[in-house]
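Novice: Sequence:
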Amino acid sequence: MKKLLLGLTLVVGVSGVAQAAGDAAAGEQKAAVCAACHGAQGVSMVPNWPNLAGQHASYLSKQIMDIRDGRRSVPEMVGIVDNLSDQDIRDISAFYASQSGNLGQADPALAERGRNLYRAGDLAKGIPACTACHLPNGQGNSPAAFPVVSGQHATYAVNQLKAFRDGARSNDPNSMMRLIAEKMTDAEMEAVASYMLGLHGTNR
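Here the sequence shown is numbered in the numbering used here, starting from 260 and rising by one per residue.
Take the hints with a grain of salt, since some may be wrong.
[Claimed, not checked] Straight-line alpha carbon distances no greater than 25 Å define the calculated DSS-like cross-link-like pairs of lysine-lysine that follow:
hint, residue 1, residue 2
1, Lys-421, Lys-442
2, Lys-442, Lys-384
3, Lys-384, Lys-421
These aren't lab readings, by the way, just hints derived from the structure by calculation. All figures in this text were calculated on a predicted structure; none of them were measured in a lab.
Based on the provided sequences and hints, a complete structural model is requested.
Specialist: Below you can see the structure in the form of structure tokens.
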């Protein structure tokens, strides 16, 4: 736990460095190819693919650059982002950040367990509350590039948690998500992902 908290402190400090701004208007044109999977306004119709609408530009830029530069493996993105410049990526990220986030609905059968994990974690297992990085309303932390999780597809969120747990995804600063996900069961991941889907950017 001490290692995780130290990692959080370091990431917040390092990630706070200002980045060049993107142009949302230019990004709308550049994002045309993205619409097939992520929707015209960044809300995907397929739960395996992430909603991008309302996501922090800082987080999106990091993820797209990581995919382009081989630090994060996403086979579906091969060839799509290879030739994007840093400015292209910032513009696309700015466009999606300017869109309204998705409004999802949590599974009532999972909501209570998911809420407890999200808001309080599990001290006995060493799982911190998700609110520490993603805030009570699921809006994340833009300067630290911690993503918005409110309204994210539960299927996508579970897939990413499993990828962190299994080591298939390793672009999390200081292994923060890997250290958390390795302590979670599939059922816990499904519950917290369902709760995040229904957060709607509120503090419920």
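Novice: State for each hint whether it applies.
Specialist: Hints and how they fare:
Between Lys-421 and Lys-442, the direct Cα distance comes to roughly 11 Å. Compliance with the 25 Å bound is thereby established for this hinted pair. Between Lys-442 and Lys-384 the alpha-carbon distance is near 7 Å, which keeps this suggested pair within the 25 Å criterion. Distance check on the hinted pair: Lys-384 and Lys-421 sit about 17 Å apart at the alpha-carbon level, within 25 Å; holds.
The structure fails none of the hints (numbered hints given earlier).
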